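Enquirer: So the chains spell out like this:
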Amino acid sequence: DVKVTQSSRYLVKRTGEKVFLECVQDMDHENMFWYRQDPGLGLRLIYFSYDVKMKEKGDIPEGYSVSREKKERFSLILESASTNQTSMYLCASRYGATYNEQFFGPGTRLTVL
Amino acid sequence: DQQVKQNSPSLSVQEGRISILNCDYTNSMFDYFLWYKKYPAEGPTFLISISSIKDKNEDGRFTVFLNKSAKHLSLHIVPSQPGDSAVYFCAAKRPGGGADGLTFGKGTHLIIQP
Numbered sequence: 099d100v101k102v103t104q105s106s107r108y109l110v111k112r113t114g115e116k117v118f119l120e121c122v123q124d125m126d127h128e129n130m131f132w133y134r135q136d137p138g139l140g141l142r143l144i145y146f147s148y149d150v151k152m153k154e155k156g157d158i159p160e161g162y163s164v165s166r167e168k169k170e171r172f173s174l175i176l177e178s179a180s181t182n183q184t185s186m187y188l189c190a191s192r193y194g195a196t197y198n199e200q201f202f203g204p205g206t207r208l209t210v211l
Numbered sequence: 007d008q009q010v011k012q013n014s015p016s017l018s019v020q021e022g023r024i025s026i027l028n029c030d031y032t033n034s035m036f037d038y039f040l041w042y043k044k045y046p047a048e049g050p051t052f053l054i055s056i057s058s059i060k061d062k063n064e065d066g067r068f069t070v071f072l073n074k075s076a077k078h079l080s081l082h083i084v085p086s087q088p089g090d091s092a093v094y095f096c097a098a099k100r101p102g103g104g105a106d107g108l109t110f111g112k113g114t115h116l117i118i119q120p
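Chains as they are written, first to last, in the numbering used here: chain A, 99 to 211; chain B, 7 to 120.
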């Protein structure tokens, strides 16, 4: 079974803090993704990575950055957390571009006070 | 511009009956569609998918129908069971064959009543 893990299930941070969300997949997938889920808005793509050290902006990249130094790990960084970044963050991975199914982690519920 | 639309935020169905969840899309270049199921405090799990070259795909109690001319797809669950209560997301693969993500609808909360 594909396993995607996220470092924290729940996280509480203060406005202005730098926040790191970590995601690890164990199936040697090439592509990894970060989404956020908000009520009434569904899942929205923040960033994705198609290979190590490669990254592309998604639909809502403002206020976020990412890092992929190793194939299995994809980090989402909030440089200076703001209250409007309170959300559920979901990481996903996919074997490669010719595959369609993405496998999701359990999510991190981030609250910014 | 919302390219994948799920116009029903919630749907209530009696146990044992058929649940029909609908999804519309605007981009005729989408070439693959997926349905995900999500329980609270968990990540979405893949349920069923369909290629744009097909009009039906069936997997046990779940069937997805695609009407390309209407840019509409639907997920049928029959018979509905209590464990089916969850939020269902329709997703479409972006055209171009690249490594980018899926475009999701806003979700429909399915409630199965005993």
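In case anyone wonders, no lab produced these hints; they're calculated from the structure.
In this text, all values refer to a predicted model and were calculated from it rather than measured experimentally.
Worth double-checking, as some hints may not be accurate.
[Stated by the list, open to error] Computed beta-carbon distance windows for the label pairs:
| id | chain 1 | residue 1 | chain 2 | residue 2 | range |
| --- | --- | --- | --- | --- | --- |
| 1 | B | Lys62 | A | Pro137 | 45 to 53 Å |
| 2 | B | Lys11 | A | Glu160 | 22 to 30 Å |
| 3 | B | Thr32 | A | Ser163 | 28 to 36 Å |
| 4 | A | Asp126 | B | Glu48 | 17 to 25 Å |
| 5 | A | Asp126 | B | Ile24 | 33 to 41 Å |
[Claimed, not checked] Partial list, computed: chain A residues near chain B (C-beta under 8 Å):
| id | residue |
| --- | --- |
| 6 | Pro159 |
| 7 | Glu160 |
| 8 | Ser163 |
| 9 | Gly203 |
| 10 | Gly205 |
By construction, the Cβ of each residue, glycine as well, lies at the ideal position given by its N, Cα and C atoms.
Enquirer: Work down the list of hints and note, for each, if the structure agrees.
Expert: To see whether the hints hold, each was checked on the structure:
1. At about 32 Å, the CB distance of B:Lys62 to A:Pro137 disagrees with the hint of 45 to 53 Å.
2. At roughly 24 Å, the beta-carbon separation of B:Lys11 and A:Glu160 lies within the given 22 to 30 Å, and the hint holds.
3. Restraint check, B:Thr32 to A:Ser163: a C-beta distance of roughly 30 Å satisfies the suggested window 28 to 36 Å.
4. Restraint check, A:Asp126 to B:Glu48: a C-beta distance of roughly 24 Å satisfies the suggested window 17 to 25 Å.
5. In this structure, A:Asp126 and B:Ile24 meet the distance hint of 33 to 41 Å, their C-beta atoms being roughly 40 Å apart.
6. For the restraint placing A:Pro159 at the interface with chain B, the shortest Cβ-Cβ distance is roughly 12 Å, beyond the 8 Å limit, so the hint is violated.
7. Checking A:Glu160 against chain B: minimum C-beta separation of about 16 Å lies over 8 Å; hint violated.
8. Interface restraint check for A:Ser163: the shortest CB-CB distance to chain B comes to about 17 Å, outside 8 Å, so the restraint is violated.
9. The beta carbon of A:Gly203 is positioned within 8 Å of a beta carbon in chain B (closest approach about 5 Å), and the interface hint is therefore held.
10. Residue-level restraint check for A:Gly205 holds (minimum Cβ-Cβ distance to chain B is 5 Å; threshold 8 Å).
In the structure shown, a violation is registered for the earlier hints numbered 1, 6, 7 and 8, in ascending order.
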